[in-house]
Amino acid sequence: MSGGTPRARPFSKAAREALQDTQLRRNLARATSTIREKRLRATEELPDWQELREAGRAIKAHTLAHLDHYLMRLEQNVVARGGQIHWARDAAEANAIVQALVSETGVREAIKVKSITTDEIGLNDALAAIGVHAIETDLAELIVQLAHEPSSHILVPAIHKNRAEIRALFLEAMGIAPSELSDEPAELAAAARRFLRAKFLEARVGISGANFAVAETGAVCVVESEGNGRMCTTLPDTLITVMGIEKVVPDWRAMEVFLQLLPRSSTAERMNPYTSFWSGVRPGDGPQAFHLVLLDNGRSEVLAHRERRQTLHCIRCSACLNVCPVYARVGGHAYGSHYPGPIGAILSPQLLDSPEADTLPFASTLCGACYDVCPVKIDIPSVLLDLRLRSVERRRARRGRLAALDTEDGAMRLAAAVFAEPRRYQWAQRGARLAQAPFVRDGYLERLPGYLAGWTRTRDVPAVPAQTFREWWRERRGSGGSQR
Amino acid sequence: MSSRDVVLRRVREALGHAGSASGEPAAAESVTSEAAEYRRVGELDAEARADLFAERAAEYRVRVRRVERDGLPSAIRAELEAHGVRTAVAPADVPEAWRVAGVHWRLDGAPGSGGLLDTRALDATDAVVTGCALAVAETGSLVFDGGERQGRRLLTLLPDLHLCVVREDQVVQTVPEAVTGSEDAARRGAPITWVSGPSATSDIELERVEGVHGPRTLIVLLVR
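As given, the protein sequences belong to chains A and B, one line each in that order.
Once you know that position 151 of the first sequence is 151 in the numbering used here, the rest is easy, because the numbers rise by one and skip nothing.
Once you know that position 156 of the second sequence is 156 in the numbering used here, the rest is easy, because the numbers rise by one and skip nothing.
Hints may contain errors.
If you anchor each label on the Cβ, the simulated ranges turn out as follows [stated by the list, open to error]:
| hint | chain 1 | residue 1 | chain 2 | residue 2 | range |
| --- | --- | --- | --- | --- | --- |
| 1 | A | S182 | B | H104 | 27 to 37 Å |
| 2 | A | E202 | B | R167 | 37 to 47 Å |
| 3 | B | D169 | A | A173 | 26 to 36 Å |
Source of the hints: derived by calculation from the structure; they are not laboratory data.
Just so it is clear, CB atoms sit at the ideal spot from N, CA and C, and this is done for glycine as well.
Chain B extracted, bound-state conformation (with noise of 0.2 Å):
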């Protein structure tokens, strides 16, 4: 007997059904959306949902700076020169003008395209900018699974300073809208990953102290 059969046996013994595997359970999903009566969608209207999240996330230590649509290539460039940035990579999807002059940018290929970047090259590198999947105001969350403008999962981990760029109209207000957004990436197998504020750490003497091994630096450019 397999240990596969021993465990699945076991369980099923546990749990009074010797033998035979259970039945297809009563939906899970309404076991989840009907448990209880949790929030699931938040009242404020859209402004309030930006001014939400850009306080929220500001308070985790992420640098958040409100721009017009037009002045985001000059909030761009303002910022990592701010920051003394003088490599930076992107993902190849990113629009043009993001890649602001003054920096000497390296762009990282559509996954299965080639072109992916060597790991010890993304080190060296001083920042990465990316958009988003969505943004998460009541926690102050980014959410990114790997599609437009995001790139794969290293590029917003090795470089020390992160610049994400977010549209206000991918802010969702409560955590359940924001896992809600990313029902259909994660159905796909799309690696999804929530960033909220720099790395950190609480273990010495449970201090909270910014920046351990991912971006020590997180900037948001919330884009009206």
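Just chain A, same shape as in the assembly (with noise of 0.2 Å):
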């Protein structure tokens, strides 16, 4: 992010403003497609792509069992290659760390590589807030920086804006004139390369999340394409990475499957340009001091659901959210978190536990087509109505002896009460026959009056029908038909 903080606001309220953005659909739309086909390509390669995905299940479930094991084994390793841990219980916690830690080297600027981690936990405002600038190397961080707006995609954050707009926004920040840059990808990419060169040169602190961390040697991982993150975490003499604590994987071999794993559900690529892994400090190559701080931030609380746990398996692909049917329409700010899509809208209610986050579970249309890419097999739908059946929960409960009273309650329990019993059922179906008469049009009902508007107005629903399946089934038994 780094440009700003998402708007909490309950999803479908976001969402309907989103959609009157065509400009917004047509970006996401072109962008999604593209790289959705492109992902299949890169995965159907693989013959054991889903002996790949079953096996980085296991390994993140298993390290998850164990978690305070490898987070120790992990301390242990780090700090025997001359690293630093800090553990730190939440956001406010970790951001004090790095701010004691940046005022240390008595710097101003410090620069840092794409982490959503630190978007989560508002690095950036902290740093600002004790007179520290964060400038982000990422191109697209750059880009959402520029324009002061959050990120609207994992892996992509500035995927809502097309290269015209981008164009704009570096004319005006650096101060370039208007014959001198073309809106050609490659020239504003060199673009980007120049303006962040003379930064990357000078700079004393770099700042960085983390992809893995592997216990049984202590290396920390950034995977990423353009060198930013290879700058950010050679070139200055202090290095600070913030990274979750379910980001560990417990021996080096399991990178073996991880980097099979991410290239290709990320980036749809055989391989990204960059992999980087760093154990502690080595002299002479890199900075020659580095801190690494353990985030948990409600993370334990996720740990302790046994249905809910999965989500912590996420490797931050983002290949969910280019083949959900919601985020392609609504894009990512309409999620109102760092985590958008379908693993923002399981991750953030748990992580957040804010009234407006509690409606993502609902910003789903349960197609499952998120379960289908996920490369560690995160059962996203399972965990969407594991979190709606939280969500009315407590809504009931705040709501406590009102409850009775709440439209969506009652029609619910009525609905219950209707499919329990055939009999109940049948009248049910003659009753809506009849009442259905005025509003149907060409076997659908599009507007329905009072309480029920609220259905009709995004969905047409089919009419009952002249005659029911059972009705007919029993036409059919009492004439005689064949009884097979």
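Relying on the hints, combine the two individually framed chains into one complex.
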């Protein structure tokens, strides 16, 4: 992100607004359909893709089941190689740790590699509060930072912007004459290279997230494309890495699985251009001070719940965003969190625990495309259902005795009673057939009155037919039709 | 209670064994390799591996040239000349024959022994010439671990052109073979860097563009 904080609003409101933005929908449709096709080609090329997914799932499940052990092992190995470990219970503590570390160096600027975890804790704002400017060096992060907007996609934060919009931003922010910059992506990238090279060479403090950390060797891993990650993790004197506690993997060998799953799922490449591993500090090569901040910030609570624990398997590839019919239409900002799309719809309600975030599990058609593509097999639809239940229970609890007056709640209870008894169901069908008469158009109910209008505002409901299946069946048997 | 204790306590409570640390889990190594029957070892012979590597690396816009051992110095010279390289840097331990005439060479000392070039001097250098630890055929990747003929990480990052010499016997087929191949370096705590093609971005409309911050030109001389 780094350009701003997403606005917390109920999803249905945010989505309705986003759907009005036709430019946004065009940009998203183009980008997500391109990456969907590419991802399919990249995964179909591997004959053992399904086995790799299962291995990824199994390694993550194993690690989480022994998370305390692997965190301590990671700590031990990072310290043994000259790094320092800091534990943070929550965002405020993580920010305070980084603020103190940066203050010690006396710098006014720090260079940053794209990291959703640092977005989650609002690190850039925390640094600004002590007078330190965090410069985002990932091209897309730089774009949204210059635009003062939050990110809208895990992998491609500026997916909502097209090349003309990006050119306009660069002209203003980098002081380039309009005649010197076209909207060709290659030229725009070259402009960013010139702008940032000077920053890289001056920087004394680098800040990163982590894609993985290997408990066995103490190695931290950053996977990237542009080389800004390598710059940030090798040029400065001091490197500070903030990672969620769920990012640890047991051993070096686990990387043979994740280095195949992640690039093919995220950028749909056989391999991303640059992957860096470093363990502590190395004399004469890279930063001579390394700090690893291990962040909980609600993750241990997710861990406690059996069905929801798998949320922590996520390796942030963003494949689920690109296949989601909801995400492809409303975009990332509507989710009001740094984690958009299907994974955000299950992660944000658990990490943020707010009434707005509680509306996110409903931002899904439960089509299951996200589960099919997930490289670590997170059963997102099941977790969505589980969180919907939690959200309904919470609403009931909040309303207390008034819950009985809740329309939706009442309608659901009534439906449950009707569906529970065959006879009630038949009566309901007959009743509906009589009542629907004035509203049927070509076999569909397009606009219902009163409370029911909410349902038909966004959907057409098939009308109850003149003869139901049960009636047809009874008639058939009565007339002596074949009973095989 | 320290934050460390709090986080670890929360994790243990969540896992249902409050108070005590969970014991040593059944060897993690076996979890990874037995988790599922994915491919670990490739089936190609040495020649087919080299061919596949050359093909896949080229697909990611690496300029790949196949050369005989004897022809390596002249190939290095031809490539550097063709790209207008006037100044180049190399790790101190590259063979003297690689430091071809016609280019002003600077050597970067082995880590720890001093003689490291200044960052700005590196930035102002046209090219870098190195070897590598391994190459991966299926992904067209180069693997560096700071070992022989590779130097420190900055060397292969700041100059705009990177020429890498790869011996055919350094090419493995699969990603698992490459991970196994760098296991010793990983256990030693060496920094390990995988490079697959020149620096690139897909951040603008998901269109892949070569050349953001790393070297914009990557040349591989694949030696028989």
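The hints, checked one at a time:
Under the hint 27 to 37 Å, the C-beta atoms of S182 of chain A and H104 of chain B, about 35 Å apart, fit the expected range. Separation of E202 of chain A from R167 of chain B is about 38 Å and conforms to the stated range, judged on CB atoms against 37 to 47 Å. At roughly 49 Å, the beta-carbon separation of D169 of chain B and A173 of chain A lies outside the given 26 to 36 Å, and the hint is violated.
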